[in-house]
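Participant: Read off the chains here:
2 protein chains.
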Amino acid sequence: MNPSTSALLTDLYELTMAQAYQEQGMVEPAVFEFFVRKLPPCRNFLVAAGLEQVLDFLSGMHFTQKELAWLDQTRLFKPGLLRYLETLRFTGAVEAMEEGTLFFPHEPILRIVAPLPEAQLVESRVINLLNFQTMVASKAARSALVAGGKPIIDFGLRRAHGAEAGLLAARASYLAGFSGSATVLAGMTYGIPVYGTMAHSFVQAHKDEVQAFEHFAQAQPNNVVLLIDTYDTETAARKVTSLAPVLRAKGISVKGVRLDSGDLADHARRVRRILDEGGLSHTQIIASGNLDEYRLKDLLDSRAPIDSFAVGTAMTTSSDAPSLDSAYKLQEYAGRPCRKRSEGKATWPGRKQVYRYYAGDGRLDHDVVTTHDDRLSGIPLLQAVMSDGRRLAASPSVTDLRRRTADRLAQLPESLRALETAPAYPVQISQALQGLAETVDRGLSHVKEI
Amino acid sequence: MNPSTSALLTDLYELTMAQAYQEQGMVEPAVFEFFVRKLPPCRNFLVAAGLEQVLDFLSGMHFTQKELAWLDQTRLFKPGLLRYLETLRFTGAVEAMEEGTLFFPHEPILRIVAPLPEAQLVESRVINLLNFQTMVASKAARSALVAGGKPIIDFGLRRAHGAEAGLLAARASYLAGFSGSATVLAGMTYGIPVYGTMAHSFVQAHKDEVQAFEHFAQAQPNNVVLLIDTYDTETAARKVTSLAPVLRAKGISVKGVRLDSGDLADHARRVRRILDEGGLSHTQIIASGNLDEYRLKDLLDSRAPIDSFAVGTAMTTSSDAPSLDSAYKLQEYAGRPCRKRSEGKATWPGRKQVYRYYAGDGRLDHDVVTTHDDRLSGIPLLQAVMSDGRRLAASPSVTDLRRRTADRLAQLPESLRALETAPAYPVQISQALQGLAETVDRGLSHVKEI
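If you're matching them up, the sequences are chains R and U in order. Every position in the first sequence, counted from 1, becomes a number in the numbering used here once 33 is added. Every position in the second sequence, counted from 1, becomes a number in the numbering used here once 33 is added.
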């Protein structure tokens, strides 16, 4: 059983609601939009990601005979629903921001228009996919901005929340500017460059640290990156300089050393000196160990001689904000715009478009969220990507998306690049959208009466 | 491609190290142990979970032809490694604490003994599986302790980090004391009870809230739980009391109402009064909306008339501690105990056993971590579960594990049940283990020299 593709990876209420819709013949087009209500602490922008997996999911959605048989024996559902599910395929339309687009609260990044039960049934997984990759891409982009071109590698698989999280965090962080991942499956699945060094266990399994280094170099002559903090970092660095001539005689050069504990800036300085004095000025220093964008910034500000970084847990779990306040909300049913008015959770009704405006220097200036049929002079960010359940274009490569994301990050106003909370980017709600909300509210005025 | 079962869901360095080991004939038995270095903030204990998925992974591990062909074309590996991987199966032994066992820092909850390349290759996924479920079970247990018997349902799928996280969070939280999950696939896969109500979109899709309630009741006559905060909570509660006699005439009773926004305690009191005055004293109140163990405690302390809770994001992401400081470390190779001595990350060497001692009242008193061959009077917590790559017993059902976990949580000393950090539970390192560490260190003294 593959949880990534099962149609039963959904909340029970999606099925109970589908049963009621199906029973009442409520199968008119429904419009749902995915958006984020507010930015997590210290975030000044978000990076849209996960669309590709959403389109995969929608294209492939179906219930297997085994799943239907299981649903049947729960006795929670009527035969009519099971017959409906048996032939169900997603037949709707999707508009979305391209992955890697920067966006802000209340801006929909995806809209689904489909018969109500279809649009409802996909809710749980659509949120699950967009929420996670967007969260990770947004966190990773902060490290990429701080690193200013120095390579960062994703080392997060082991602390990712399960298999799919490890794989998709590699994708989302690469899209946002990381240089690659240690996760091999991300290489095979998405063509992401894979990187790796050695573990402490490799050194420990040898009686002698130098022998461990030598064995590793012989096995991976083109990728000799040696982990030097298993026992004593500077001692190991000196061993590397002693070993280097032996390896050189075999045509092998020491590409890098990795530091994984202690005061990384201090160790990097000492190790750099040892390597330089030992004739290894070409050997790079790679740092890892509980890094995040803040520690990266400290290390770079201190001018520590570190050439590249590995970032794991903090990015892959988005540790300071492990979820987004995201929502997938019904905005229109059967041509009638609607909105939720729960306390603190009210939404803007109807189908929407987001227009982006740029300043003279090419940086983002402000956005306007308006009704779908409004025509403004800015750049519209939502584009049709699926119609009648079929993709309208081939999937872009993650490498292409990554390049375009880098261009967009370069368009961020200076203030929004900060790691701390900056004054909010201006997102205006158009007169047309405000007017629509008032109209909807007038239509709802009866609900206060009894 | 199913990321949950692919052998390539691993860090690249596992493969590069395996190549060096294979090349050097370093295939003697290696001993790795998984443990947590320190408790996350505000946690006083951890709940071991994920063993079942680790054993599944180890039993099924193999490289497919497609994966081998991909590895080959990367040109990162030599033919010898690819031949080795082609027939590789896990042939090792596993000892572990039963899932649901309470444990503390420096106590191994799993030991793998296998030929070095095998034990190394499985590292990334073993950590990934144990880290996540243990983290979630430990968080969920806190809510279960606070709720004191009131049912809690997992609503976390949408904000879980991908597909597997959603599924396994349902499992881990059920094991730790939740009553069920909204995630349908968790019902099919693990036999976990599934629960569900309705979404705001269901109410919005109808022009009239009462009609929405009526349609839902007709579709799910045995499970009428109505969401009443879409527009105005108390108004909707009054509508429910007006609708109830109509439904009763059809033999349908209103099982519950769900509150999802605003001041939940205040709304619960008002709604309880409306329901009671309307003759619906049997109708239960379910609360949801950004709940965690702290908000649960506040609601219960305030004696809000809430009958059950749905907990999502905070539990499924372990939001206040979205990772554990966990490690899978080489403790012995070819009969030689070893330890890592990196700054702040030193480990205890060798194969270990954890003995638990209970106080007269049946509560946990203290633990002793000692060498594997030491014999103490306490209860040994690590038991053999796999030998020669085969499970030694059938998988326990999650329901059985859940019952035993509840018994163990009842054995927690009162102080450790607190939501805030309590004085640490006593975990002693035995003389035998300290002696072994000294011996290992003497053997390592040469590494300081050059």
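The hints are simulated quantities; they were obtained by calculation from the structure and are not laboratory data. Among the clues, some could well be false.
Pairs count within a copy or across copies, as identical chains cannot be separated in the list.
To be verified - Here are the simulated DSS-like cross-link-like pairs (lysine-lysine), alpha carbons at most 30 Å apart as the crow flies:
hint, residue 1, residue 2
1, LYS183, LYS378
2, LYS378, LYS111
3, LYS71, LYS99
4, LYS99, LYS283
5, LYS240, LYS71
6, LYS71, LYS330
7, LYS183, LYS99
8, LYS283, LYS330
9, LYS288, LYS71
10, LYS288, LYS378
11, LYS99, LYS240
12, LYS330, LYS240
13, LYS240, LYS183
Participant: Each of the hints needs a verdict: does it hold here or not?
Facilitator: A quick look at each hint next to the structure:
In this assembly of identical chains, the alpha carbons of LYS183 and LYS378 lie at most 30 Å apart only when taken from different copies (27 Å versus 41 Å within one copy). In this assembly of identical chains, the alpha carbons of LYS378 and LYS111 never lie at most 30 Å apart, being 33 Å within a copy and 57 Å across copies at closest. For a Cα distance limit of 30 Å, the shortest separation of LYS71 from LYS99 qualifies neither inside one copy, at 40 Å, nor across copies, at 43 Å. For a Cα distance limit of 30 Å, the shortest separation of LYS99 from LYS283 qualifies neither inside one copy, at 59 Å, nor across copies, at 34 Å.
With identical chains, the CA atoms of LYS240 and LYS71 are at most 30 Å apart between copies only, with a shortest distance of 29 Å across copies and 54 Å within one. Taking the closest pair of Cα atoms, LYS71 and LYS330 come within 30 Å of each other both inside a single copy (25 Å) and across two copies (26 Å). Neither within a single protomer nor between protomers do LYS183 and LYS99 lie at most 30 Å apart by alpha-carbon distance, with minima of 50 Å and 34 Å respectively. For a Cα distance limit of 30 Å, the shortest separation of LYS283 from LYS330 qualifies neither inside one copy, at 39 Å, nor across copies, at 66 Å.
Within a single copy, LYS288 and LYS71 get their C-alpha atoms no closer than 44 Å, and across copies no closer than 34 Å, so neither meets the 30 Å cut-off. Proximity of LYS288 and LYS378 under a CA criterion of 30 Å is satisfied inter-copy only: 26 Å between copies versus 53 Å inside one chain copy. Taking the shortest alpha-carbon separations for LYS99 and LYS240, neither the intra-copy value of 53 Å nor the inter-copy value of 37 Å comes in at or below 30 Å. Taking identical chains as interchangeable, the C-alpha atoms of LYS330 and LYS240 are never at most 30 Å apart, the minima being 37 Å within one chain and 53 Å between chains.
In this homomeric assembly, LYS240 and LYS183 never come within 30 Å of each other (Cα to Cα): the closest approach is 35 Å inside a single copy and 56 Å across copies.
Consistency with the previously given hints fails for numbers 2, 3, 4, 7, 8, 9, 11, 12, 13, ordered from lowest to highest.
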